[in-house]
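Visitor: If you read the sequences in order, they're chains A and B.
The first sequence lines up with residues 469 to 734 when you count with my numbering.
The second sequence lines up with residues 2 to 233 when you count with my numbering.
Treat the hints with care, since some could be wrong.
Per label pair, the in silico range of CB-to-CB distance [said to hold, decoys possible]:
#1 A/Ser510 <-> B/Ser184: 50 to 58 Å
#2 A/Ile693 <-> B/Asp130: 19 to 27 Å
#3 A/Leu664 <-> B/Asp215: 51 to 59 Å
Keep in mind that the hints were calculated from the coordinates and are not lab data.
Since this is a predicted model, take the numbers as computed values, not measurements.
By construction, the Cβ of each residue, glycine as well, lies at the ideal position given by its N, Cα and C atoms.
The chain contents come next:
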Amino acid sequence: MEQSYIQINNGQLALAAALILINVILSVVLQLGLERRLAIASVRMIVQLLLVGYVLEWVFTLRNPLWVLLVALAMTAMAGASAVDRTRRRFRRIYWNSFFSILTSSFLVTGLAVSGIIRVEPWYDPQYVIPLLGMVLGNALTGISLALDRFTEDLASRRDQIEAFLALGATRWEAAHKRIQEALRTGMIPTINSMLVMGLVSLPGMMTGQILAGASPIDAVRYQIVIIFMIASGTALGTIGVILLTFQVLFSREHQLRLERLNKVK
Amino acid sequence: MTTEPIKQRATQAGLAHGSLLSAVSLSRQLQGQWIWQGISFDAFQGDRIAVVGPSGAGKSLLLRALAGLDPIQAGRIIFDGQPMERQFMPRYRSQVIYLHQRPALTEGTVEENLQQVYRLAIHRDRTYDRNQILHYLKLLGRTADFLQRPSAVLSGGEAQIVAFLRALQLSPRILLLDEPTASLDIETARRLEALVQAWRAENLQRAYLWTSHDPTQIQRITDRQITLNGGG
Numbered sequence: 469m470e471q472s473y474i475q476i477n478n479g480q481l482a483l484a485a486a487l488i489l490i491n492v493i494l495s496v497v498l499q500l501g502l503e504r505r506l507a508i509a510s511v512r513m514i515v516q517l518l519l520v521g522y523v524l525e526w527v528f529t530l531r532n533p534l535w536v537l538l539v540a541l542a543m544t545a546m547a548g549a550s551a552v553d554r555t556r557r558r559f560r561r562i563y564w565n566s567f568f569s570i571l572t573s574s575f576l577v578t579g580l581a582v583s584g585i586i587r588v589e590p591w592y593d594p595q596y597v598i599p600l601l602g603m604v605l606g607n608a609l610t611g612i613s614l615a616l617d618r619f620t621e622d623l624a625s626r627r628d629q630i631e632a633f634l635a636l637g638a639t640r641w642e643a644a645h646k647r648i649q650e651a652l653r654t655g656m657i658p659t660i661n662s663m664l665v666m667g668l669v670s671l672p673g674m675m676t677g678q679i680l681a682g683a684s685p686i687d688a689v690r691y692q693i694v695i696i697f698m699i700a701s702g703t704a705l706g707t708i709g710v711i712l713l714t715f716q717v718l719f720s721r722e723h724q725l726r727l728e729r730l731n732k733v734k
Numbered sequence: 002m003t004t005e006p007i008k009q010r011a012t013q014a015g016l017a018h019g020s021l022l023s024a025v026s027l028s029r030q031l032q033g034q035w036i037w038q039g040i041s042f043d044a045f046q047g048d049r050i051a052v053v054g055p056s057g058a059g060k061s062l063l064l065r066a067l068a069g070l071d072p073i074q075a076g077r078i079i080f081d082g083q084p085m086e087r088q089f090m091p092r093y094r095s096q097v098i099y100l101h102q103r104p105a106l107t108e109g110t111v112e113e114n115l116q117q118v119y120r121l122a123i124h125r126d127r128t129y130d131r132n133q134i135l136h137y138l139k140l141l142g143r144t145a146d147f148l149q150r151p152s153a154v155l156s157g158g159e160a161q162i163v164a165f166l167r168a169l170q171l172s173p174r175i176l177l178l179d180e181p182t183a184s185l186d187i188e189t190a191r192r193l194e195a196l197v198q199a200w201r202a203e204n205l206q207r208a209y210l211w212t213s214h215d216p217t218q219i220q221r222i223t224d225r226q227i228t229l230n231g232g233g
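Generate coordinates for the entire structure from the input sequences, incorporating the hints supplied.
Guide: Structure, rendered in structure tokens:
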């Protein structure tokens with residue numbers, strides 16, 4: 469197969485790893501205490517990515533939609549779980565809520581994009597589905613964890629205010645509305661910020677990748693625009709979904725704030 | 002009226018004729034512990050009831066349960082002849098208002114805080130009545146300037162005044178007062194007592210339940226008591 473890009477061999481990988489040595493030396497000399505964490509992070513990154521590389525090589529050979537869906541589900545489950553792992557207060561159904569929100573939002577968005585916008589044939593072609601889904605998941609997971617964390621912290625710290633409103637006759641929706649708004653805003657900040665500076669401050673990784681791989685910048689930009697819209701709508705949907713589900717858990721039908729359902733984790 | 006122990010009528014409580022708010026065998030469990038069990042009483046129109054008992058006996062929890070803010074594990078609450086669970090809680094709470102020990106205001110001026118509640122769907126058919134507030138403020142020894150103060154600079158007592166006004170302007174039929182003057186100076190406490198009496202005097206069918214640690218205050222402002230013993 470003809471390659472339009474330079475392949476990277478193991479020696480070159482080692483050279484790249486040596487870049488991190490600069491930081492390690494600095495850390496040791498200045499006693500910054502970063503060297504251990506840097507080393508662990510570097511090793512994990514290398515191992516995970518190499519593994520993923522091999523897994524993807526295998527995944528891209530899949531011609532059975534069931535297998536592709538299974539891989540997609542596994543990725544989604546991991547995203548749903550790690551969105552929760554970063555929150556400080558949890559409730560019993562939080563993992564399920566997170567998984568459900570991220571599943572519906574990312575599958576809907578990726579499904580529409582793959583079948584209706586990019587029109588991949590067949591629709592389950594893993595070369596498209598898996599990386600696109602991965603990007604949507606990665607961003608939705610950040611949005612969900614930020615929003616969840618903000619919402620639950622807010623409810624705990626503003627309990628008096630929320631209950632004062634409930635006691636004056638506010639519905640649970642009225643009492644929670646401002647908190648919901650703030651949570652969604654927090655969840656969307658990274659996505660909206662990155663959209664605002666896109667191309668000015670940062671060149672998106674995927675676009676850079678495509679350009680390095682020989683795609684024309686104009687084509688790469690078009691892909692990037694599609695993906696940004698996928699990411700933005702996937703993140704918004706997932707964030708709204710998880711916050712509404714959480715709202716249902718923490719505010720009862722009797723218009724009570726049920727904070728005892730929230731447990732703090734260390 | 003004289004102060005009489007409530008237990009006498011507890012047995013047939015909840016069915017008494019003319020009862021405004023009734024509790025029937027209420028029980029509250031918290032983390033596997035019974036805080037109180039089998040509490041029954043009737044609050045009639047015009048009742049001025051003290052809820053007394055040692056710390057930890059669950060006085061706040063009782064008022065919160067009556068406001069429907071907490072779930073109860075057993076028993077029923079009946080307001081105006083209707084069980085609470087069959088009522089639309091925001092409507093119920095617009096008539097049975099619970100006042101926290103610690104007032105919680107939002108950003109903005111005192112007047113904005115007072116006006117804010119009219120944006121709630123349940124109060125939308127009413128309008129903010131500045132004259133009524135000015136009338137109440139006079140009882141509290143304050144002028145209209147008070148309305149323009151930002152809520153952030155209010156003292157604890159002043160914030161509690163705002164919380165009282167915010168509730169009273171909605172003309173509730175029952176007030177549930179959860180140690181509202183516990184952390185206030187005597188002067189402010191007395192004025193808030195006078196304010197509540199003024200609210201009640203407007204319509205003698207209005208009733209309140211008041212928790213307090215201060216026996217002289219209880220004697221001043223209530224006619225009978227509900228005693229919680231603690232430990233269930």
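Visitor: Find the hints from earlier in the document that the structure breaks and name them by number, from lowest to highest.
Guide: 2
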